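S.K.: Here is what each chain is made of, one letter per residue.
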Amino acid sequence: MWDGEAAWAALPTVLEGFGITLVATVLGFGVALLLGLVLALVGRAAPRWVAGPVNAAAAFVRSTPLLVQLFAAWVLVPALDALVLGVLVLGVHYAAYLSEVYRTGIDSVPKGQWEACTALSLPRRRVWRAVVLPQAVRNVLPPLGNYAVSMFKETPLLSVITVHEMFHEASSFGSTHFAYLESFTLAAAVFLLASWPTSVLVRRLEARLAKGA
Amino acid sequence: MRREPEDTVAGPEDGVAGTVEAVRFDRVTKRFGEHTVLDGLDLAVGRGERVTLIGPSGSGKTTILRLLMTLERVTEGVIHVAGEPYSHMPSGHGERGAGAGPGGPDPKAGLVPASERYLAARRRGIGMVFQHFNLFPHMSVLENVVEAPVHVLREGKEAAAARARELLGMVGLADKVDARPTRLSGGQQQRVAIARALAMRPEILLLDEVTSALDPELVAEVLDVLRDVARATDITLLCVTHEMGFARDVSDRILMFDRGRIVESGRADQLLDEPTHERTRAFLRAVR
Numbered sequence: 001m002w003d004g005e006a007a008w009a010a011l012p013t014v015l016e017g018f019g020i021t022l023v024a025t026v027l028g029f030g031v032a033l034l035l036g037l038v039l040a041l042v043g044r045a046a047p048r049w050v051a052g053p054v055n056a057a058a059a060f061v062r063s064t065p066l067l068v069q070l071f072a073a074w075v076l077v078p079a080l081d082a083l084v085l086g087v088l089v090l091g092v093h094y095a096a097y098l099s100e101v102y103r104t105g106i107d108s109v110p111k112g113q114w115e116a117c118t119a120l121s122l123p124r125r126r127v128w129r130a131v132v133l134p135q136a137v138r139n140v141l142p143p144l145g146n147y148a149v150s151m152f153k154e155t156p157l158l159s160v161i162t163v164h165e166m167f168h169e170a171s172s173f174g175s176t177h178f179a180y181l182e183s184f185t186l187a188a189a190v191f192l193l194a195s196w197p198t199s200v201l202v203r204r205l206e207a208r209l210a211k212g213a
Numbered sequence: 001m002r003r004e005p006e007d008t009v010a011g012p013e014d015g016v017a018g019t020v021e022a023v024r025f026d027r028v029t030k031r032f033g034e035h036t037v038l039d040g041l042d043l044a045v046g047r048g049e050r051v052t053l054i055g056p057s058g059s060g061k062t063t064i065l066r067l068l069m070t071l072e073r074v075t076e077g078v079i080h081v082a083g084e085p086y087s088h089m090p091s092g093h094g095e096r097g098a099g100a101g102p103g104g105p106d107p108k109a110g111l112v113p114a115s116e117r118y119l120a121a122r123r124r125g126i127g128m129v130f131q132h133f134n135l136f137p138h139m140s141v142l143e144n145v146v147e148a149p150v151h152v153l154r155e156g157k158e159a160a161a162a163r164a165r166e167l168l169g170m171v172g173l174a175d176k177v178d179a180r181p182t183r184l185s186g187g188q189q190q191r192v193a194i195a196r197a198l199a200m201r202p203e204i205l206l207l208d209e210v211t212s213a214l215d216p217e218l219v220a221e222v223l224d225v226l227r228d229v230a231r232a233t234d235i236t237l238l239c240v241t242h243e244m245g246f247a248r249d250v251s252d253r254i255l256m257f258d259r260g261r262i263v264e265s266g267r268a269d270q271l272l273d274e275p276t277h278e279r280t281r282a283f284l285r286a287v288r
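Chains as they are written, first to last, in my numbering: chain A, 1 to 213; chain B, 1 to 288.
Okay, chain A solo, but in the shape it has when bound:
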């Protein structure tokens, strides 16, 4: 059943797809990190008439499937390059989750830290930038890492909007060479090789932070 030659032949195509997968993950997560932070800050510090709708929009994004969002975006904004669109949808989708993670981190900063800032008359902007966010982000590094891994594993969904990421490439190689088993196995192996060490790193980080290093 297993055709070693076909697997070997599929490797370059799969790896090329992996390049796109990485790009989508890194850029998508970058968007999610930034936008998630903005959402968390708006939800927390903006007046109610701004925060309310923004929070509702984030809840809406969280409660609809990524696959549906990808299709919807694909139909609504056909002019945009598939990869760019994919990165944006991934970023927005995960931002809705990361904003909650940030919020947890912000809430974990003790009240005394805020009070010290008031006692020192630090301006609001400086309070967030220098005191609250550095501690908040540190407290939620492990969940942030877990979301990065999980976004990485969801990138095959981008194939439905014709992004040539790894799953898409494996699939098209499989259909042209009748070697689905080989190409998909390769793709799975690459996913495993990339995400497993990352989750180990995240777990180590978690353990280190738990020890209060």
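The calculated lysine to aspartate or glutamate pairs, modelled on EDC-like cross-linking and capped at a C-alpha distance of 20 Å, are: (1) A/Lys111 - B/Glu209; (2) B/Lys176 - B/Glu143; (3) B/Lys176 - B/Glu166; (4) A/Lys111 - B/Glu116; (5) B/Lys157 - B/Glu143; (6) B/Lys176 - B/Glu158; (7) B/Lys176 - B/Glu221; (8) A/Lys111 - B/Glu72; (9) A/Lys153 - A/Glu16.
It is worth saying that the hints were derived from the structure and are not from the lab.
All figures in this text were calculated on a predicted structure; none of them were measured in a lab.
Got chain A; can you put chain B on it based on the hints?
M.R.: Chain B only, in chain A's frame:
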């Protein structure tokens, strides 16, 4: 070393113009829900005066400091600092006029609750040291002390660092400038917090049970530093403490609180040695 003579320290009922007063509470009430923590408090503290607040926990002492630091807002009444309204600010048009209601003129005449912006400009002259230090754990000791002078007072980084080193030397921590606060003992952390507060050159320093969270053997090093501060500066000091020896050493005046009211006030030695009020006697017996 300028110290105002005792007799310039007047209660608000004496009608002295605001200029000699660092702080004046004018019929201040603070409620948390149904619970009244301060009940129509009148209190005046002179410039450079050292006042210690004692009394059972829950008697409202700490709330006075927290109101002054704007960590809480008054429910009723007005706080003045340096002769100017502080908890409130002048409104463009005094909607209430200065009519004398029952119990004297309305302290809030022509004033509205202070905006965050108004407070931001005014609270700079006040510093606070907390029971639990509240140092920034992700910054070094030096960064903790330099943060506010650089970003609030706009001091140059070099100058601020030099002064921070000087202050840290004064509190006996010259060799810890690069350490993380979490590596320090409680006493050391509290001394850093004192240096951090002083770096803002406050005119008024609030000390909120600064030794209560410390192991007994670390209390003395913190109190010694504060005695030095009291001796070497003319800073106005408001202090909540259970350390009666310290209260005696630094205070010009001690106020005994119970249930949101001052039950007795007097010179330190007089109040500690010859308390007249039964509540004060009972309290002093209990803490000694």
